[in-house]
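Engineer: Line by line, the protein sequences are chains A and B.
In terms of my numbering, the first sequence is residues 1 to 86.
In terms of my numbering, the second sequence is residues 87 to 475.
Hints are supplied without guarantee of correctness; some may be wrong.
Chain B side only, calculated, beta carbon under 10 Å to chain A, not exhaustive [as the list claims (entries may be wrong)]:
1) V113
2) R188
3) L189
4) A288
5) P292
6) P295
7) T297
8) T310
9) K312
10) M318
11) G417
With a straight-line cut-off of 20 Å between C-alpha atoms, the simulated EDC-like cross-links for lysine to aspartate or glutamate are [stated by the list, open to error]:
12) K18/A to D305/B
13) K379/B to E309/B
14) K16/A to E316/B
15) K36/A to E46/A
16) K379/B to E395/B
17) K286/B to E46/A
18) K16/A to E309/B
19) K18/A to E73/A
20) K435/B to E399/B
21) K375/B to E461/B
22) K394/B to D305/B
23) K65/A to D305/B
24) K454/B to E399/B
25) K368/B to D452/B
26) K435/B to E475/B
No lab work stands behind these hints: they were computed from the structure.
Just so we're clear, the structure is a prediction, and the values are computed from it rather than from any experiment.
Just so you know, even glycine gets a beta-carbon here, dropped at the ideal spot from N, CA and C.
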Amino acid sequence: MVTIAAIIYEPGNSIKNKTGTWRTFRPILDNEKCVKCENCYIFCPEGAIQEDENGNFKIDYDYCKGCLICMNECPVNAITKVREEK
Amino acid sequence: METMCEVKVITGTSAAAEAAKLADVDVIAAYPITPQTTCVEKLAEFVANGELDAEYIKVESEHSAMSACIGAAATGARTFTATASQGLALMHEMLFIASGMRLPIVMMVANRALSAPINIWNDHQDSIAERDSGWIQIYVEDNQETLDSIIQAYKIAENEDVLLPVMVCLDGFILTHTVEPVTIPKAERVREFLGVYEPKHAYLDPDRPITQGPVGVPDCYMETRKQIEEAMERAKKVIRDVNEEFAEWFKRKYGNGLVEAYNLDNADTVLVAMGSVCGTIKYVIDELKKEGKNVGLLRIRAFRPFPKEDVKELLKDANNIAVLDKNISLGFNKGALGIEMASILKNKKVCNYIVGLGGRDIKIDDIKTIINHVEKAEDDSTLWVGLKE
Numbered sequence: 001m002v003t004i005a006a007i008i009y010e011p012g013n014s015i016k017n018k019t020g021t022w023r024t025f026r027p028i029l030d031n032e033k034c035v036k037c038e039n040c041y042i043f044c045p046e047g048a049i050q051e052d053e054n055g056n057f058k059i060d061y062d063y064c065k066g067c068l069i070c071m072n073e074c075p076v077n078a079i080t081k082v083r084e085e086k
Numbered sequence: 087m088e089t090m091c092e093v094k095v096i097t098g099t100s101a102a103a104e105a106a107k108l109a110d111v112d113v114i115a116a117y118p119i120t121p122q123t124t125c126v127e128k129l130a131e132f133v134a135n136g137e138l139d140a141e142y143i144k145v146e147s148e149h150s151a152m153s154a155c156i157g158a159a160a161t162g163a164r165t166f167t168a169t170a171s172q173g174l175a176l177m178h179e180m181l182f183i184a185s186g187m188r189l190p191i192v193m194m195v196a197n198r199a200l201s202a203p204i205n206i207w208n209d210h211q212d213s214i215a216e217r218d219s220g221w222i223q224i225y226v227e228d229n230q231e232t233l234d235s236i237i238q239a240y241k242i243a244e245n246e247d248v249l250l251p252v253m254v255c256l257d258g259f260i261l262t263h264t265v266e267p268v269t270i271p272k273a274e275r276v277r278e279f280l281g282v283y284e285p286k287h288a289y290l291d292p293d294r295p296i297t298q299g300p301v302g303v304p305d306c307y308m309e310t311r312k313q314i315e316e317a318m319e320r321a322k323k324v325i326r327d328v329n330e331e332f333a334e335w336f337k338r339k340y341g342n343g344l345v346e347a348y349n350l351d352n353a354d355t356v357l358v359a360m361g362s363v364c365g366t367i368k369y370v371i372d373e374l375k376k377e378g379k380n381v382g383l384l385r386i387r388a389f390r391p392f393p394k395e396d397v398k399e400l401l402k403d404a405n406n407i408a409v410l411d412k413n414i415s416l417g418f419n420k421g422a423l424g425i426e427m428a429s430i431l432k433n434k435k436v437c438n439y440i441v442g443l444g445g446r447d448i449k450i451d452d453i454k455t456i457i458n459h460v461e462k463a464e465d466d467s468t469l470w471v472g473l474k475e
């Protein structure tokens, strides 16, 4: 249910709003090519790239808006793009 | 109680200022514009004299005046402003934000024509142009009603079933600069009648952080618009109830709050109008009655929310309906009220009369011309009355 005037009464609603649906291009990270430089993790404006327990970087597609800054910043071209077609 | 009231001979703008003082407003943000200026000048005087304990914010434009009112109302303050014509047009953007944020701001609008050519005199084009802004619009007939309606406006706007801003519209110069005896109720009585504004839905409080006016994505925007429409529908009952309650407290009432019926019983010919011209129409109706001719008046007091049900019911027996508009939808050759009435009264003869634009006098003979025209008209038509040859 939408609150009156869409007022937000609880903090943290950006988690609820899955902005991944806005994406036109999906970045694909190839962990074989990745040198773990952390550039993608640092430059991602959404904080949608995190390092997992094995030291691999993963993109959270629930929140990745597909800006492809990570692809631009990757020094070894480990990130490529595919058009979202559902 | 009422015998203890003071009667002052004052202008419409002074009556509005007295009402804002009686409502004990917390914040006033305003920018001067003819013919509204004397209202906020009076309020500045009240604040400077210590008669009213309020923040008086002097701003650089009407856009800023409404912005300041929005900010103040968002903290839970009771706010007031006043404007007219170009000033209201400059507020346009912020009007939608005030209603969209559901802030019960009350504003006096001194109805004045829009430029060009530049014209400081009365018509309703300025507030009619804001018809779809989500503001409740009340059009008053005289200075007493100006004072009473502004007090009522806070009670309506702050009602939890409504939570919408209200414009109280009075005719520039005809009311704003004309003195009439106005009964001023006791301040304590008004404060008791209104109570304290304690918003539950929206107020800034460091202990309860909230976000007001967020991005309304396609997933929620449409629902917020529907909520306003539903609040407008509920406002009809609230306006009626407040009118009744006000009558109990202060012994004055205005029709049923939404409309006022004057001599409607057995009247085949009925004029429909808003604002001070209704005083002239009532005079003509009384004169015609002496000659044995029966004509009625339906005064629309609330233009938004529009009293569709009342109009249908009260005009069910009338055959000649003459709608007077002090505004014109250019390119459609009808005024806003004429368009509404035609959409409600589908199987009736509804003629539209464009009158009084830019302060053109509406004379007794003009009202008689309208009555003669509507009675002879074979079908719906629009006539501009008072044009020069």
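Engineer: The structure should be examined with respect to each hint, and the outcome stated for every one.
Structural biologist: Checked hints:
Because the beta carbon of V113/B sits about 20 Å from the nearest beta carbon in chain A, more than 10 Å, this interface hint is broken. A least Cβ separation of about 5 Å between R188/B and chain A falls short of the 10 Å threshold, and the interface hint therefore holds. The beta carbon of L189/B is positioned within 10 Å of a beta carbon in chain A (closest approach about 9 Å), and the interface hint is therefore held. The beta carbon of A288/B is positioned within 10 Å of a beta carbon in chain A (closest approach about 6 Å), and the interface hint is therefore held.
Here the hint on P292/B is broken, as its CB sits about 13 Å from the closest CB of chain A, past 10 Å. Interface restraint check for P295/B: the shortest CB-CB distance to chain A comes to about 7 Å, inside 10 Å, so the restraint holds. Because the smallest distance between the Cβ of T297/B and any Cβ of chain A comes to about 4 Å, under 10 Å, the interface hint for this residue holds. Here the hint on T310/B is kept, as its CB sits about 5 Å from the closest CB of chain A, short of 10 Å.
Taking 10 Å as the C-beta contact cut-off toward chain A, the hint placing K312/B at the interface holds, the least distance being around 9 Å. Hint status for M318/B: violated, given a least beta-carbon distance of 14 Å to chain A, over 10 Å. The interface hint given for G417/B is violated, since its Cβ lies 34 Å from the closest Cβ of chain A, which is over the 10 Å cut-off. Restraint check: the Cα-Cα separation between K18/A and D305/B comes to about 12 Å, which is no more than 20 Å; the hinted pair holds.
Distance hint between K379/B and E309/B is unfulfilled; the C-alpha atoms sit about 51 Å from each other, more than 20 Å. Restraint check: the Cα-Cα separation between K16/A and E316/B comes to about 27 Å, which exceeds 20 Å; the hinted pair is violated. Proximity of K36/A to E46/A is assessed by CA-CA distance (about 19 Å); at most 20 Å being required, the pair is judged to hold. For the hint pairing K379/B with E395/B, the CA-to-CA distance comes to about 27 Å; that exceeds 20 Å, so the pair is violated.
A threshold of 20 Å between alpha carbons decides the hint, and for K286/B with E46/A the separation of about 33 Å lies outside it, so the pair is violated. At roughly 18 Å between alpha-carbon atoms, K16/A and E309/B fall within 20 Å of each other, so this suggested pair holds. This hinted pair does not check out: K18/A and E73/A have alpha carbons roughly 24 Å apart, beyond 20 Å. Our distance criterion of 20 Å between C-alpha atoms is met by K435/B and E399/B, whose separation comes to about 16 Å.
About 16 Å separates the Cα atoms of K375/B and E461/B, which keeps this hinted pair within 20 Å; it holds. A hinted pair counts as satisfied when its Cα atoms are at most 20 Å apart, and K394/B with D305/B does not qualify at roughly 31 Å. Taking the CA atoms of K65/A and D305/B, the gap is about 17 Å. The hint holds against a cut of 20 Å. Between the alpha carbons of K454/B and E399/B the distance comes to roughly 25 Å, so the proposed pair goes past 20 Å and is violated.
With a C-alpha separation of about 13 Å, the suggested pairing of K368/B with D452/B holds against the 20 Å cut-off. Under the criterion of a C-alpha separation no larger than 20 Å, the hint pairing K435/B with E475/B is inconsistent with the structure, at around 27 Å.
This entry does not satisfy hints 1, 5, 10, 11, 13, 14, 16, 17, 19, 22, 24, 26, going by the numbered hints stated previously.
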